[in-house]
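*Asks:* One line per chain: the protein sequences are A and B, in this order.
Offset between the first sequence (1-based) and this note's numbering: plus 21.
Offset between the second sequence (1-based) and this note's numbering: plus 37.
A couple of the hints might just be wrong.
Partial chain A-side listing against chain B, Cβ under 8 angstroms, derived [stated by the list, open to error]: (1) P25; (2) E316; (3) R318; (4) I323; (5) L327; (6) G328; (7) R330; (8) L385; (9) A386; (10) A390; (11) R409; (12) L416.
No lab work stands behind these hints, which were simulated from the structure alone.
Just so you know, even glycine gets a beta-carbon here, dropped at the ideal spot from N, CA and C.
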Amino acid sequence: MTLPLIVAKSLRQHLLSTVVTAASIALAGGLLMAVWVVKTQSNDAFTKQNAGFDAVLGARSAKLQLVLNAIFHLEASPGNLPWTDYEDIAKNAAVALALPIAVGDNYHGYRLVGTTTNLFTVEHAPGRKYRVAEGEEFAAGYMEAVLGSFAARQLKLKVGDKFHPYHGLNFDEKQKHDELYVVIGILEPSNTPADRVIWIPLEGIQNMKGHDAKSAAEISAVLVKLKNPIAGRGLELMYNKQGNRLTFAWPIAQVVAELFGKIAWFDKVLELVVWLVAAVATGSVLASIYNSMNERRRDIAILRALGARAHTIFLAVVLECAAIAVLGMIAAFAVYLGITTVAAHIIRTETGVVLDAFAWHPILAWAPAAMIGLSALAGVIPAVKAYRTNVAENLVPVS
Amino acid sequence: MPLLEISNLKKAYAAPDGGANVVVDVPEFKLDTQAQVALSGESGSGKTTFLNLIAGILAPDTGSIKLNGLELAGLRESARDRVRATTIGYIFQTFNLLQGYTALENVLLGMSFGPGADREFAKALLKRVGLDAKLNHLPRQLSTGQQQRVAVARALANRPKLVLADEPTGNLDHTNARESLKLIREACRENGAALLLVSHDREVLGQFDAVQELHKLNRAAEQPVS
Ligand SMILES: Nc1ncnc2c1ncn2[C@@H]1O[C@H](COP(=O)(O)OP(=O)(O)O)[C@@H](O)[C@H]1O
Ligand SMILES: [Mg+2]
């Protein structure tokens, strides 16, 4: 009862430094938690993300580039492959569904991806197909577009609106095509990269005016769903080892995991920086309490004169440091939610991968524990000074 | 058996030249239960040091301090803290109130380390010293006389057997000093506490029947120039 009172009084008496140090704990703790959660969640979300497919077949290239382009709709296409390759793999006994795609145009930065109406039969998650929420599916050969939900919202396009595509994967207003497309449908949100895509019939991309005439019989990649995922091994052997013209990227999760393997060093650096920030913040608790020890001496001496034991004073200082960290870590959750919400928004805008800013992660328990523990530990140094305060000399003896 | 019994008590401070500066050298001193005694002594005669030894704030070099049947010399610091928390009240010239705490909280702290907080008793004490309307005032919101009265209430908060008062009126004007002294003496009597007061103020000393001169008691104190 007495100890909490002494701690609370001291926090209030040094209000400015309490607020400043708690704020530095809040920023550091919030950053620590946010970096951890965004890191592990994006690792998770990207590796689990396959938009409903098991593999990608494309021109000979790095598997990662193939997957980024065909599944995540990022980066450049590594090159085209003839239509006959699509026909071959579609007929393969191990393949349940093959979806050819062609890329090369955009509308204000959102990619147009040409494909077949088979798109609407793909299950992107168990029991959930790419379904049109508004309007209807495009029909092969028509200049009709079905928009991913995110693209539609960002572009403010509704069913019935018309637009001219632009050439290239990046928006350049000088590259406008003459063709006029009509928005015929908008997909339900799927929380996959498909949400950021403008889907049109395959022939649309192939025959767009100004495109190379020989590309009319070519596609950019084939998205493959296998009857049994294990069957990928045979196809991989066939395309990657025996052939040298095409690349079969399988399994997708493993290809994406390689990407995270490549940026693991960055992860480590980030982790280190975040821990340093946390250490500096707990150090600031130490410094601010230590610096105020001179002002506190008289109060300590008075408490001792009233019968408080030296180790009670020691404990009060340690608890005060811990209390600053507790206040800071409560505020840290606001910082954490702010950072993760913004980060999740950016990641969604750029990749279509959806992170849950509110998801539970063990770091949300042990970051506060660590920050509070470290602050209490840092408090031991000023606490020793408090413990040793000379009572008689600090009672302001007047002789 | 007296409440306080001191024999051959010695305390020296390290002198700047490296030697020892003996400040207290008291062969014998006794104080009875509920007695009220004033010690007179000039500045520097060791009054504060003597009281700090009795309060257990300082440890003696040699000698014996028996308080309420317990030998203080040789006790560990935490044990002396405990004795102070339970059996001693201390009133200072500079009041030594905690500035961040209200009058009531200051009095509550006076009991927290000993018998434990008792709000009703704390309020009763503040009422006794005439501050029942100022319970939640901070020291800086009180006059010096009122601050001293909070200090008096605080000194009695742990129901002490002995109240030590170190020049308790040194910072007060005449009228306040007289009233404050009266209050201290009455309050100690009502609460069954003995009072040991040190001062160099003739006027204060004049109020006591029993006045002992420190320079006679303390062989280390300089003899006054007569
Ligand atoms: N901590 C200390 N270190 C060294 N000398 C001290 C210390 N405290 C007091 N003294 C010296 O001891 C003597 C007695 O001091 P004190 O007990 O405060 O006397 P009084 O209260 O009667 O004025 C003085 O000469 C003072 O300078
Ligand atoms: Mg003195």
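*Asks:* Check the structure against each numbered hint from earlier and tell me which ones fail, lowest number first.
*Replies:* Those not satisfied are hints 1, 2, 3, 8, 9, 10, 11.
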